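Throw the hints in and build the complete structure from the sequences for me.
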Amino acid sequence: MSSENGKQMTGATSLVKSLERAGVDVMFGIPGGAILPAYDPIFDSPIRHILVRHEQGAGHAATGYAQATGRVGVCIATSGPGATNLVTPLADAQMDSVPLVAITGQVASGAIGTDAFQEADIRGITMPVTKHNYLVTDPADIPRAIAEAFHIAATGRPGAVLVDIAKDALQKQTIFNWPESVSLAGYRPIVEPETSAVRDAAALIASAQSPVLYVGGGVIKSNSYKELMQLAELTGAPVVTTLMARGAFPDHHQQHLGMPGMHGTVAAVTALQKSDLLITLGARFDDRVTGKLSSFAPDAKIIHADIDPAEIGKNRIVDVALIGDLKYTISALIPALKAEFKKHQPDLSAWWSQLNSWRTRYPLGYDHPTDGTLSPQYVIERIGKISGPESIFVAGVGQHQMWASQFISYENPRTWLNSGGLGTMGYAVPAAMGAKVGAPDKVVWAIDGDGCFQMTNQELVTCAINKIPIKVAIINNESLGMVRQWQTLFYNERYSNTDLHSKRIPDFAKLAEAMGCVGLACESREDVDRVIAQAMEINDQPVVVDFRVHRDAMVWPMVAAGTSNDDIVVARSMAPIWDSQEL
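In the working numbering, the protein residues as written are 89 to 671.
These aren't lab readings, by the way, just hints derived from the structure by calculation.
This one's a predicted model, so the numbers in the text were calculated from it and none came from an experiment.
Just to be clear, a hint being listed does not mean it is correct.
When the alpha-carbon atoms are kept at most 16 Å apart in a straight line, the in silico EDC-like pairs for lysine to aspartate or glutamate are as follows [unchecked claim]:
#, residue 1, residue 2
1, Lys219, Glu236
2, Lys473, Asp435
3, Lys314, Glu428
4, Lys389, Asp407
5, Lys426, Asp288
6, Lys362, Asp655
Set out below in structure tokens:
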């Protein structure tokens, strides 16, 4: 039992003691009127508080911390605009199943509903984008709410939880009582799958001639990558890892076909389409993977393993549902499959012959610009090679995100962080900051676009002051690159409001220096390795490199939105690579 239990203290002190009891070691936030009572006991707490420059930065930093460590990330803000600035990172964390707890101040309980100064119904606002949320008006409820929030955020399918606390609840006296256990009526995440379902799944796998392991971010959330490796090598089936699962299965492994989806490899996309069985592990049949849903993997039976029952059958009818924690599910599936394989193990050699032909004919690649300008893919590829697979790479959203997912080799889990489901521009810099705080011994690169960077670059000031030496590579094509790509392909090159003029204003290297960082620039292929090496040598302050790249480089392959994965294209002609004879 906590030595603090039974002691009288303010609600604010109770909040901070509760966060300490929940195991919080760092939180990101900004004080303001309604949350101010909590900042007084924070002054004396061993919890490290990092003062960010914008609440959005606090939320994304907490997310980056959580993604890099597997622990719950924590952010804190005041009422009204402070709280509403957390809406985007809360939605972002919820979409990507990231364990996050946000603490917000609220106006005094007597003023709630009066449109008081800096009042916003943040509980109502965030209800659609959080796993659960609380409004606390009684100081006695603070420890229980915090304990439950961390339990809910971290168990089952991880997600975002908001705890909104009225200012007078923070100011009043209360008796601290930390609950030693949490039991919530109606909240019982299923951990172990049903034995009969495991047997049914094993039987399906043993009868499949062209199976694919369709691996999603749930494998990383459940820390089941070792079990995945055992299952993959037992089945001999090809593995595809979604955008959220990069690193769950090592890129160098011969069974890995790469990433599926809108900008996935031809082999990965086509393997899913032509499979007779999808062994789906912690993935959610997202539209960016399936393309036109009605045409996705039309001949495949579906095994769907997920801890969230709501995902089962949501987008695709399943043949076998394995509801439970993936670590337990895969561990149970392996012996069941071994038993099936003693009776019959399918020969996948013809399937692999087909897969290898696709992999050989359509490898990932890119051309260097004929005008001598810098290839963005080359820059990202060299960052990955020079920094190495132990580094953490954090991407913004857009072309650079896709290139970073394609041209960096991910050999380890929790080394690739990005905003997958919500697609949040401005994610990279603060998330990299949070990742570096959580993994201080790792090299952390933010691979950002010039558009994304200009949304949250003020957090470099936070990094400089707090000695958080992240490295930022700005892939500067002076455009909102992915939007420009779509304008090129689908809007007759009518570039409406996508020109950022970023090679003139601002000067990113000077801007970085003004924020206490080292600013570098590079615009020739010959200088890329030297500049990356220079950035790698600086480990006592943040580094920003402005890579001035070719403007019209595009992300290939591509499945245009709303079209079938069978219509995958690899060039600007937008001609599908497959016809019925080839498949």
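Okay, the hints, checked on the actual structure:
no., hint, in the structure
1, Lys219 / Glu236, "holds (12 Å)"
2, Lys473 / Asp435, "violated (36 Å)"
3, Lys314 / Glu428, "violated (21 Å)"
4, Lys389 / Asp407, "holds (6 Å)"
5, Lys426 / Asp288, "holds (13 Å)"
6, Lys362 / Asp655, "holds (13 Å)"
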